[in-house]
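Participant: Using the sequences and the hints given, assemble the complete structure.
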Amino acid sequence: MYVAVKGGESAIRNSQQLLAEERRGDRNVEELTLDQIQNQMSLAVDRVMAEGSLYDKELAALAIKQSRGDLVEAIFLLRAYRTTLPRFGTTIPIETANMSIRRRISATFKDLPGGQVLGPSFDYTHRLLDFSLAANGDVPDAVEAEDAVDQNMPRVTDLLNNEGLIEEETTEDDSEPFDITRQSPKFPAERTARLQNLARGDEGFLLALAYSTQRGWGRNHPFAGEIRMGELSIEFIPDELGFPIEIGEITITECQMINQFKGSSEIPAQFTRGYGLSFGHNERKTMAMGIIDRALRARELDEQVQAPAQDEEFVLSHSCNVEASGFVQHLKLPHYVDFQSELVTVRALREAVNNDKPNEAEPIPGIVAAE
Amino acid sequence: MTASSQNKNTNGSMEKPEILEGYNFAYLDDQTKRMIRRAILKAVAIPGYQVPFGSREMPLPFGWGTGGIQVTASIIGQDDILKVIDQGSDDTTNAVNIRNFFGKTAGVDTTEKTNKATVIQTRHRIPETPLSKDQILVYQVPIPEPLRWLEHRETETRKMHALAEYGVMHVGLYENIAHYGRVTTSYDYPVQVDDRYIMSPSPIPKFDNPKMDKMPALQLFGAGREKRIYAVPPFTKVKSLDFDDYPFTIESWEESCALCGSSNSFLDEVITDDEGTRMFVCSDSNFCKEQIEKLTNAPLVQNGDSS
Numbered sequence: 001m002y003v004a005v006k007g008g009e010s011a012i013r014n015s016q017q018l019l020a021e022e023r024r025g026d027r028n029v030e031e032l033t034l035d036q037i038q039n040q041m042s043l044a045v046d047r048v049m050a051e052g053s054l055y056d057k058e059l060a061a062l063a064i065k066q067s068r069g070d071l072v073e074a075i076f077l078l079r080a081y082r083t084t085l086p087r088f089g090t091t092i093p094i095e096t097a098n099m100s101i102r103r104r105i106s107a108t109f110k111d112l113p114g115g116q117v118l119g120p121s122f123d124y125t126h127r128l129l130d131f132s133l134a135a136n137g138d139v140p141d142a143v144e145a146e147d148a149v150d151q152n153m154p155r156v157t158d159l160l161n162n163e164g165l166i167e168e169e170t171t172e173d174d175s176e177p178f179d180i181t182r183q184s185p186k187f188p189a190e191r192t193a194r195l196q197n198l199a200r201g202d203e204g205f206l207l208a209l210a211y212s213t214q215r216g217w218g219r220n221h222p223f224a225g226e227i228r229m230g231e232l233s234i235e236f237i238p239d240e241l242g243f244p245i246e247i248g249e250i251t252i253t254e255c256q257m258i259n260q261f262k263g264s265s266e267i268p269a270q271f272t273r274g275y276g277l278s279f280g281h282n283e284r285k286t287m288a289m290g291i292i293d294r295a296l297r298a299r300e301l302d303e304q305v306q307a308p309a310q311d312e313e314f315v316l317s318h319s320c321n322v323e324a325s326g327f328v329q330h331l332k333l334p335h336y337v338d339f340q341s342e343l344v345t346v347r348a349l350r351e352a353v354n355n356d357k358p359n360e361a362e363p364i365p366g367i368v369a370a371e
Numbered sequence: 001m002t003a004s005s006q007n008k009n010t011n012g013s014m015e016k017p018e019i020l021e022g023y024n025f026a027y028l029d030d031q032t033k034r035m036i037r038r039a040i041l042k043a044v045a046i047p048g049y050q051v052p053f054g055s056r057e058m059p060l061p062f063g064w065g066t067g068g069i070q071v072t073a074s075i076i077g078q079d080d081i082l083k084v085i086d087q088g089s090d091d092t093t094n095a096v097n098i099r100n101f102f103g104k105t106a107g108v109d110t111t112e113k114t115n116k117a118t119v120i121q122t123r124h125r126i127p128e129t130p131l132s133k134d135q136i137l138v139y140q141v142p143i144p145e146p147l148r149w150l151e152h153r154e155t156e157t158r159k160m161h162a163l164a165e166y167g168v169m170h171v172g173l174y175e176n177i178a179h180y181g182r183v184t185t186s187y188d189y190p191v192q193v194d195d196r197y198i199m200s201p202s203p204i205p206k207f208d209n210p211k212m213d214k215m216p217a218l219q220l221f222g223a224g225r226e227k228r229i230y231a232v233p234p235f236t237k238v239k240s241l242d243f244d245d246y247p248f249t250i251e252s253w254e255e256s257c258a259l260c261g262s263s264n265s266f267l268d269e270v271i272t273d274d275e276g277t278r279m280f281v282c283s284d285s286n287f288c289k290e291q292i293e294k295l296t297n298a299p300l301v302q303n304g305d306s307s
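Residue numbers (my numbering), protein chains in the order written: chain B, 1 to 371; chain R, 1 to 307.
Keep in mind the hints are simulated off the structure, nothing from the lab.
Any given hint could be a false lead.
[Unchecked claim] To give a feel for the contact side, a few chain R residues facing chain B, derived at Cβ under 10 Å:
(1) Tyr27
(2) Met35
(3) Gly65
(4) Arg182
[Stated by the list, open to error] Some chain B residues well away from chain R (every beta-carbon gap over 12 Å; in silico):
(5) Arg102
(6) Asp111
(7) Pro113
(8) Asp141
(9) Glu146
(10) Pro177
Since the model is a prediction, treat every value here as computed from it, not as a measurement.
For each residue, glycine too, the CB sits at the ideal point set by N, CA and C.
Facilitator: The structure is reproduced here in structure tokens:
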């Protein structure tokens with residue numbers, strides 16, 4: 001008999017229990033600890049923190065464990081948790097020139113003050129499966145450098161700026177930045193809104209869009225001026241103290257893209273910039289972000305807006321994987337009322353056509369055309 | 001929500017045992033609720049106008065009712081009685097999930113009875129039982145912009161609304177008639193509110209559109225992912241777009257409900273075998289149950305299989 005829509009409550013409960021069991025997997029295998037995830041899945045943790053827009057390694061590890069390694073789901077968990085957190089205030093803006101560098105490379109100069117610091121990177125590995133890892137994870141300790149990394153590590157773009165070869169990073173502006181977590185988006189978007197949006201936008205989406213510009217869909221001739229990754233301390237001025245105190249340290253990755261110049265017979269030519277920044281160690285993401293930031297400056301720089309990557313309403317409205325994942329997957333929800341309406345309409349249309357051709361008419365059960 | 005319950009919904013005392021620890025009453029913090037209430041007030045003051053608001057990530061996915069949930073969370077008080085339906089039914093997975101969410105985070109009483117509820121959150125239907133002035137109907141909205149399928153840029157559609165430049169809508173309907181001989185939009189059928197803003201009624205079947213007109217209950221619409229709230233105040237004119245020679249019509253069925261015999265409710269089609277046999281039953285499960293109770297003069301078990 002008709003039971004299709006009854007019993008939802010217990011079915012949901014059972015589904016949740018089954019999910020928990022599947023997440024745990026074979027109970028003879030030791031359970032993952034958050035420490036293990038934090039330490040050995042650190043790039044997954046970094047991505048979840050960046051796109052979850054919450055810097056907390058332990059919670060990110062928990063989200064990864066809970067989501068069975070589905071990072072978009074983990075990002076969603078962290079974002080939903082973030083909603084409940086009170087906001088105490090805003091930290092002092094970070095100065096990336098002062099970060100403790102773990103990696104710093106430039107593709108535009110062979111050598112530069114501070115040198116090229118390769119740091120930990122897949123870039124110089126052969127992508128051969130390392131079967132020794134399957135047996136055991138023992139690795140020798142990495143060699144320690146004899147000298148400390150140069151404290152003086154100016155940004156490449158600052159070196160160019162000394163010569164006036166590249167545009168100023170920003171114009172002096174004391175106005176409050178847009179806050180995409182508190183305000184609904186406006187178009188045209190301010191650059192602050194755009195950079196926030198890209199900083200927590202889906203890595204795959206940004207990567208594909210950046211790639212599209214390299215293939216001619218909004219080309220902007222990027223050079224990886226500099227990529228740097230390392231640690232920075234975060235400072236906050238509590239109202240009751242009135243002076244900055246250090247409240248923690250975060251890892252960030254920054255990418256400065258140097259792009260084709262602008263100029264004319266009157267205005268001397270200058271390189272333009274694209275900027276990428278992310279929590280954690282996220283080079284692919286920050287590079288894509290730098291390319292797209294520059295592509296989205298098309299209107300500001302009097303370039304023709306022709307490609308998807310240059311269209312800010314297109315890019316910024318579709319970059320969030322929490323929104324995208326939810327809306328695509330909402331199609332799993334029941335739609336039988338809407339579908340019934342469509343059935344009624346399609347049957348009525350077919351009946352109208354068939355009535356015009358009596359010889360081909362088929363009986364249509366159950367429906368009176370809505371007149 | 002009645003006036004008496006309106007003042008009690010900040011930081012509600014958590015005496016009900018099943019409430020989740022560590023979260024504010026109805027999940028959202030009070031500043032967020034205040035921001036959303038302001039958006040609601042503006043929406044009520046400008047019927048049919050889409051008010052942008054700082055929509056939050058909720059623990060349910062975007063596209064699954066986060067707009068409706070944020071609106072409900074901002075208006076619900078401890079004395080409210082909540083009903084949640086999806087496709088007209090209280091027992092579909094999404095309705096169950098959202099009802100449980102408010103049970104856990106607000107501890108409010110919930111009901112399946114349309115006339116007992118003070119707040120009704122709905123996806124894709126308006127209950128068959130007429131609503132009263134003491135009730136609020138909260139719609140979950142996927143795409144709040146009725147012009148979106150004709151103009152995909154927000155910058156353009158906002159301008160079109162500001163100038164009430166709606167000719168394109170009527171051209172669209174005209175082309176539809178020219179192609180098919182009738183308007184083929186069957187759900188999310190656009191309406192004009194108070195002779196001013198064109199509004200999406202959310203994907204309710206056009207069958208429900210006439211219920212919106214001069215409805216005694218306040219109608220609130222929340223679109224979480226799109227970050228918009230809009231409203232139809234009580235007793236406000238809501239007109240479905242049409243032409244004099246092609247007036248607006250609604251769906252009708254030759255059948256009556258196979259369970260309760262109702263001949264004036266929206267019917268869902270259920271396929272019962274692989275030979276094309278189908279039955280038609282009310283989409284509004286509570287209405288259907290009440291009709292059966294009237295026929296048999298006996299109350300049915302709330303959650304049991306009723307047939």
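Participant: Just pull the numbers of the violated hints for me, sorted ascending.
Facilitator: none
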